[in-house]
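There are 2 protein chains.
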Amino acid sequence: MDIIRQNLGENSYQILVDEDIIPKAGSLAREYLPNTRQAFVLTNTTVGPLYGQKLVDSLEKAGIQTFIYQMPDGEDHKNFAVLNEVYDALLEAKIERQGSLWALGGGVVGDLGGFAAATYLRGIAFVQVPTSLLAQVDSSVGGKVAVNHPKGKNLIGAFYQPSLVLADLAALNTLPEREWQVGLAEIVKYGVLAGGEIWQLLVNHLPLIKAKDPDVIRKLVVQSIKIKADVVEKDERESGLRMILNLGHTIGHGLEAATGYKVFRHGEAVAIGLVGVARLAARLGRFSQESCQQITSILARLGLPVAVPQSVQRNNLAQEILGHLSRDKKVQKGEVRFVLPVEIGKVEVGTVPQKLLEEIVRELCGEAGK
Amino acid sequence: MDIIRQNLGENSYQILVDEDIIPKAGSLAREYLPNTRQAFVLTNTTVGPLYGQKLVDSLEKAGIQTFIYQMPDGEDHKNFAVLNEVYDALLEAKIERQGSLWALGGGVVGDLGGFAAATYLRGIAFVQVPTSLLAQVDSSVGGKVAVNHPKGKNLIGAFYQPSLVLADLAALNTLPEREWQVGLAEIVKYGVLAGGEIWQLLVNHLPLIKAKDPDVIRKLVVQSIKIKADVVEKDERESGLRMILNLGHTIGHGLEAATGYKVFRHGEAVAIGLVGVARLAARLGRFSQESCQQITSILARLGLPVAVPQSVQRNNLAQEILGHLSRDKKVQKGEVRFVLPVEIGKVEVGTVPQKLLEEIVRELCGEAGK
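Residue numbers (our numbering), protein chains in the order written: chain L, -19 to 350; chain Y, -19 to 350.
Calculated directly from the structure, the hints in this document are not laboratory data. Among the clues, some could well be false.
Chain copies aren't distinguished; within one or between two, either way the pair holds.
[Claimed, not checked] Derived lysine to any residue pairs resembling SDA-like cross-links, with alpha carbons at most 25 Å apart:
1. Lys131 <-> Glu76
2. Lys131 <-> Gln78
3. Lys214 <-> Gln78
4. Lys131 <-> Ser271
5. Lys131 <-> Ile(-16)
6. Lys4 <-> Glu72
7. Lys133 <-> Gly103
8. Lys74 <-> Asn59
9. Lys326 <-> Leu135
10. Lys74 <-> Pro130
11. Lys199 <-> Gln293
12. Lys206 <-> Thr25
13. Lys335 <-> His185
14. Lys335 <-> Asn296
15. Lys133 <-> Val66
16. Lys74 <-> His304
17. Lys192 <-> Asn295
From a predicted model like this one, the values you see are computed outputs, not experimental measurements.
Chain L extracted, bound-state conformation (with noise of 0.2 Å):
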């Protein structure tokens, strides 16, 4: 099992990834949280049927009354009228202040399982137990927790930070062939972030990495946990530095919203983003055109996109894009700062010129020079 301890004073906690840790979940939660006597199960309706079972029954088996709920899966159900129905879900099975709530699943499980965990009697104890490889490598970590609005992605949410993490490497076997590639695509992130062991990976092992091999898919897991438990402890709340996380996420976040969420998974958009940032610093001549070219050529071989598809192409698609960017929520005195990447395993943080940026995204659009 690696053991990877995030820091954050009395908010500090394990992140214990292993193969087959689901059926282990009831002895690790005596042992991390000794006073949970209750445990509220979310998941939903995809990943309930696999794993759900295995989780009560391991909890159940340690003396922990425990309560399963399924939610519709998907994006669009991480909305106020599902967590009402958790809340009362929560209230239903009458789950007290020492109680916890685990959220076995994705991103958008425990994205709004972190949200009623954290808001429910004020808070009660969260344990985030990730299925997809995003979440394992991502979402789970770092206590962003969060809802939609119809205005937009996570703009009601907190940072709340789980008790415990538990990721199953051997979850990953059920995952679709799309979701591994969102997950990878954070992965590529962390190596831009990085550099180092994780980068070399990705450069040296492709083939490996497409081929699922578990000794590497572990390593890749446990280094981008690290490296983003590595960030998170220096910046809980994102007053600065965490803000690097967001490589490739600004852009990315602008065609999510600009599509309405339904053409590009997060890990998609995030990829023609990173595109996106590597083509602004190198314009900018602050990053190398090979390191560019690197880039874009390993998600390309993941099978991500690196340009919007000519079938999603539209008029007027890059200029929704650029107005959502201008709307994002990391908009300091009404300017959109980026993260750009200047040598692998180095960023900087800083706005670029508008002229600069319309022209890059409209060439992910396929609409340079019209």
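Chain L is already provided as a structure; the job is to place chain Y on it using the hints.
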């Protein structure tokens, strides 16, 4: 100006108490929240017309872009529907992460506004400008924010500390008589909790208090805030000690719930609850009869109820209160824990025999011997 510092590590803040502090809000914002460029003032339809413009003018004069939003007045509106309207208004005003939310009003505005501030864009700066006595001495300090759920008060909430509290004593001049009384009930609670100067003021200067003598009122407000801040400092998230602030509240909440929140104001229910726990403790031989009678007498002389008035008495009221107690959110392992006075200035936390609890609740409801 009286300045009380709430020490909570990086969540520390100042509570400023003075006459006519609202017109100074802008310059105080410059001093205490130097980074804020946007202020969203949340108020209600009663307080807004009285003080809203003064606050807006002061903030605007300090160069802060200011918006004002009035919610309907009353506990009935501390719900998700209004919360969502506030989110919409925050988005409409394009409040950014560096913006601030100012809650101008009583406990409802402060609790709902605080929850909105805690969750909008994962948290923006929050300033409490309490205009009721109850909010000044209680709800504006300590970071408990919440909205009500159809199944109970404050079931959805967070611990989210304000960045600044401005308690304007001049605002109390427009307070209706009943609002004074409910604030005084909490002040009596602090007297029982802490003894010392505040208790002496209550024992020796009731006529001055009833005449709203500005000097005595200021002392009561400042003392109350100091007592609360001291307890919160030792236990920000109510894992133990902070529970003592619920003296009188457990029975009080049960009474409010059983009467649909329509009969008693919070402070009135707390007054009856204070009599209840004083009697519980006295009957257990842990508190003197004399002190129990002294508390009852002070509350009665302040015009507060010390039992359920005959006009409100009805069959099964006691039984319903007892039912609500068993569902209280402070229930642990299925047992209701009470804060019991053992002498003036000293309380203890513990469970009480169910039979005695039933007896006392029946007495308070005028159902003794029935």
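So, going through the hints one by one against the coordinates:
Proximity of lysine 131 to glutamate 76 under the C-alpha cut-off of 25 Å is restricted to the inter-copy arrangement: shortest distance 14 Å between copies versus 33 Å within a copy. Taking the shortest Cα distances, lysine 131 and glutamine 78 sit within 25 Å of each other only across copies (19 Å), while inside one copy they are farther apart (35 Å). Taking the closest pair of Cα atoms, lysine 214 and glutamine 78 come within 25 Å of each other only across two copies (20 Å); inside a single copy the shortest separation is 29 Å, beyond that limit. Taking identical chains as interchangeable, the C-alpha atoms of lysine 131 and serine 271 are never at most 25 Å apart, the minima being 36 Å within one chain and 57 Å between chains.
Taking CA atoms no more than 25 Å apart as the test, lysine 131 paired with isoleucine -16 passes in neither setting, with 36 Å inside one copy and 40 Å between copies. In this assembly of identical chains, lysine 4 and glutamate 72 lie within 25 Å of each other by CA distance neither inside one copy nor across copies; the values are 27 Å within and 47 Å between. Proximity of lysine 133 to glycine 103 under the C-alpha cut-off of 25 Å is found in both arrangements, the shortest distances being 22 Å within a copy and 15 Å between copies. For a Cα distance limit of 25 Å, the shortest separation of lysine 74 from asparagine 59 qualifies both inside one copy, at 23 Å, and across copies, at 21 Å.
In the homo-oligomer, the alpha carbons of lysine 326 and leucine 135 never lie at most 25 Å apart, since the shortest distance is 29 Å inside one protomer and 45 Å across protomers. When the C-alpha separation of lysine 74 and proline 130 is checked against a cutoff of 25 Å, the pair qualifies only between copies, where the shortest distance is 15 Å, while the shortest distance within a copy is 31 Å. For the homomeric pair lysine 199 and glutamine 293, neither the shortest alpha-carbon distance inside one copy (37 Å) nor that between copies (68 Å) is at most 25 Å. Proximity of lysine 206 and threonine 25 under a CA criterion of 25 Å is satisfied in neither setting, with 30 Å inside one chain copy and 51 Å between copies.
With identical chains, the CA atoms of lysine 335 and histidine 185 are never at most 25 Å apart, being 38 Å at best within one copy and 71 Å at best between copies. Taking the shortest Cα distances, lysine 335 and asparagine 296 sit within 25 Å of each other inside one copy (16 Å), while across copies they are farther apart (73 Å). With identical chains, the CA atoms of lysine 133 and valine 66 are at most 25 Å apart both within one copy (19 Å) and between copies (17 Å). With identical chains, the CA atoms of lysine 74 and histidine 304 are at most 25 Å apart between copies only, with a shortest distance of 13 Å across copies and 41 Å within one.
Neither within a single protomer nor between protomers do lysine 192 and asparagine 295 lie at most 25 Å apart by alpha-carbon distance, with minima of 39 Å and 69 Å respectively.
The earlier numbered hints that this structure contradicts are 4, 5, 6, 9, 11, 12, 13 and 17.
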